[in-house]
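Participant: Listed below, chain by chain, are the residues.
Protein chains: 2
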Amino acid sequence: MNQLIFNIEKTFKPSEEELDALKGIMIESYLDRNEFFLKAGNVCDTLAFITNGSMRLFYDSPDKEVCNDFFFENSLVGSIASFMSNMPSIINIVAIEKCCLLTLQKNDVIELIQYHDTFKKMASIIIQEQLIRSEKREAALLRNSPEERFKNLMEEHPKLFKRIPLHYVASYLGITPETLSRYRTKFLL
Amino acid sequence: MNQLIFNIEKTFKPSEEELDALKGIMIESYLDRNEFFLKAGNVCDTLAFITNGSMRLFYDSPDKEVCNDFFFENSLVGSIASFMSNMPSIINIVAIEKCCLLTLQKNDVIELIQYHDTFKKMASIIIQEQLIRSEKREAALLRNSPEERFKNLMEEHPKLFKRIPLHYVASYLGITPETLSRYRTKFLL
DNA sequence: CTATAAAATTGATTTAAATCAAGAAAGTAT
DNA sequence: ATACTTTCTTGATTTAAATCAATTTTATAG
Numbered sequence: 322m323n324q325l326i327f328n329i330e331k332t333f334k335p336s337e338e339e340l341d342a343l344k345g346i347m348i349e350s351y352l353d354r355n356e357f358f359l360k361a362g363n364v365c366d367t368l369a370f371i372t373n374g375s376m377r378l379f380y381d382s383p384d385k386e387v388c389n390d391f392f393f394e395n396s397l398v399g400s401i402a403s404f405m406s407n408m409p410s411i412i413n414i415v416a417i418e419k420c421c422l423l424t425l426q427k428n429d430v431i432e433l434i435q436y437h438d439t440f441k442k443m444a445s446i447i448i449q450e451q452l453i454r455s456e457k458r459e460a461a462l463l464r465n466s467p468e469e470r471f472k473n474l475m476e477e478h479p480k481l482f483k484r485i486p487l488h489y490v491a492s493y494l495g496i497t498p499e500t501l502s503r504y505r506t507k508f509l510l
Numbered sequence: 322m323n324q325l326i327f328n329i330e331k332t333f334k335p336s337e338e339e340l341d342a343l344k345g346i347m348i349e350s351y352l353d354r355n356e357f358f359l360k361a362g363n364v365c366d367t368l369a370f371i372t373n374g375s376m377r378l379f380y381d382s383p384d385k386e387v388c389n390d391f392f393f394e395n396s397l398v399g400s401i402a403s404f405m406s407n408m409p410s411i412i413n414i415v416a417i418e419k420c421c422l423l424t425l426q427k428n429d430v431i432e433l434i435q436y437h438d439t440f441k442k443m444a445s446i447i448i449q450e451q452l453i454r455s456e457k458r459e460a461a462l463l464r465n466s467p468e469e470r471f472k473n474l475m476e477e478h479p480k481l482f483k484r485i486p487l488h489y490v491a492s493y494l495g496i497t498p499e500t501l502s503r504y505r506t507k508f509l510l
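Going down the list, the sequences are from chains A and B. Here the first sequence stands for residues 322 to 510, where the numbers follow this note's numbering. Here the second sequence stands for residues 322 to 510, where the numbers follow this note's numbering.
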């Protein structure tokens, strides 16, 4: 919790009172390995900060799952799209490792945002980041080859390969586990 | 203009007064073929409804351009991400055909949203749609093969092939123009 | 600690799409 | 209408990644 609060304080400079309001609505919660945080088809009415552990975001597909993202400590998880729109989520979020979470219920979040400008701003920035991330991801999938995507990921998040089962990483890159394995030996890791 | 206003009225049910406020800030504007509406690197401070014509959204890439989306009559164009965050846009938007636009300046939009709940809601929905669209697009790029993406696009937007130069469509699908051409003959169009 | 399951690697083969190259068709401007 | 450019198509070849198949390594539960 401390690290998270520290980050929020540093970035958004909430007042003492605002910080208490935030702390007041956060509920500690836990997930086992492979336990779902959000299932496609359900409306996302909870967001969570991960204080410990990792999760993956994936899409259902007739044959295979497709892994689209990973989350670690200090990141916020949930489908912003579903949370905002009350539409059923098309994404799944599931724990890869055991997770400690600080969850936020929708009603509380709405109230928090309504009464505190700092959190209104924070919400807006989270949405912006999501939009920018999507733009970049889309571009990367279109303009980079699988091998380039692999190399970029190795540069930007080498730790990911230590912590995440590689077939999820392969799926994230849009390749088969075999191909990922071959890239790894090719680029001597 | 009429069609656009009709759509907004139907969907968001603004009051007479709100509708006037919206009309009051819309400025008619035109773009020639290949003229930029938004250049990567610039901050997006203008949004626009297309009343006539078509545009494409693309990313710069060292070698090639990568086309990521198309816009036609009655859609809103601009980089929501850049517009919200004031960060330089990473996307370009350029006219494919000559365009008639109704543009909205950032200051006016902010004011409009500030004073009118209907437009606050409208903004929120536009953002949601953007987020949902991104999720779907990302999933499609990862889980569908190029050929499947082609077939889906043929089903969902057959008119696109009539109106948009095919090399842009190819780029949107993440394939070469040659491959698109072969798909077309293969699936007898 | 062992048994079992899940994940990762390695090799051989197939397949889909890219690339290279040329020509045809369509669009635009003079 | 003619020339010129851009776009589209078609064919031959290459290439990257998928698939198929088997094995090794690693993780997990009893």
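Careful: at least some of the hints might be erroneous.
No copy is singled out in the list; a pair is fine if it fits within one copy or between any two copies.
DMTMM-like cross-link-like pairs, simulated, lysine to aspartate or glutamate; straight-line CA separation at most 25 Å [stated by the list, open to error]:
no.	residue 1	residue 2
1	Lys441	Glu476
2	Lys457	Glu356
3	Lys385	Asp341
4	Lys483	Glu394
5	Lys442	Glu468
6	Lys385	Asp438
7	Lys480	Glu468
8	Lys360	Asp390
9	Lys419	Glu468
10	Lys472	Asp384
11	Lys442	Glu476
12	Lys344	Glu499
13	Lys344	Glu386
14	Lys442	Glu338
15	Lys419	Asp341
16	Lys483	Glu432
Think of the hints as simulated: they come from the structure by calculation, not from any bench.
Participant: Each hint needs a verdict: does it hold in this structure or not?
Facilitator: Each hint, compared with the structure:
1. Neither within a single protomer nor between protomers do Lys441 and Glu476 lie at most 25 Å apart by alpha-carbon distance, with minima of 34 Å and 40 Å respectively.
2. Only between protomers do Lys457 and Glu356 lie at most 25 Å apart by alpha-carbon distance; the minimum there is 24 Å, versus 29 Å within a single protomer.
3. Taking the closest pair of Cα atoms, Lys385 and Asp341 never come within 25 Å of each other, the shortest separation being 44 Å inside a single copy and 51 Å across copies.
4. Taking CA atoms no more than 25 Å apart as the test, Lys483 paired with Glu394 passes inside one copy only; the shortest distance there is 15 Å, against 48 Å between copies.
5. Taking the shortest Cα distances, Lys442 and Glu468 never come within 25 Å of each other, neither inside one copy (38 Å) nor across copies (42 Å).
6. In the homo-oligomer, the alpha carbons of Lys385 and Asp438 never lie at most 25 Å apart, since the shortest distance is 43 Å inside one protomer and 43 Å across protomers.
7. Within a single copy, Lys480 and Glu468 get their C-alpha atoms as close as 18 Å, which meets the 25 Å cut-off; across copies the closest is 34 Å, which misses it.
8. Taking identical chains as interchangeable, the C-alpha atoms of Lys360 and Asp390 lie at most 25 Å apart only when both belong to the same chain, with a minimum of 15 Å there against 29 Å between chains.
9. For the identical chains of this complex, Lys419 and Glu468 are neighbours neither inside a copy (31 Å) nor across copies (39 Å), given an alpha-carbon limit of 25 Å.
10. Within a single copy, Lys472 and Asp384 get their C-alpha atoms only as close as 27 Å, which misses the 25 Å cut-off; across copies the closest is 18 Å, which meets it.
11. For the identical chains of this complex, Lys442 and Glu476 are neighbours neither inside a copy (31 Å) nor across copies (41 Å), given an alpha-carbon limit of 25 Å.
12. Taking CA atoms no more than 25 Å apart as the test, Lys344 paired with Glu499 passes in neither setting, with 45 Å inside one copy and 57 Å between copies.
13. With identical chains, the CA atoms of Lys344 and Glu386 are never at most 25 Å apart, being 36 Å at best within one copy and 46 Å at best between copies.
14. In this assembly of identical chains, Lys442 and Glu338 lie within 25 Å of each other by CA distance solely inside one copy; the values are 16 Å within and 28 Å between copies.
15. For a Cα distance limit of 25 Å, the shortest separation of Lys419 from Asp341 qualifies neither inside one copy, at 27 Å, nor across copies, at 54 Å.
16. Proximity of Lys483 and Glu432 under a CA criterion of 25 Å is satisfied in neither setting, with 40 Å inside one chain copy and 49 Å between copies.
When held up to the earlier numbered hints, the structure conflicts with 1, 3, 5, 6, 9, 11, 12, 13, 15 and 16 and fits the remainder.
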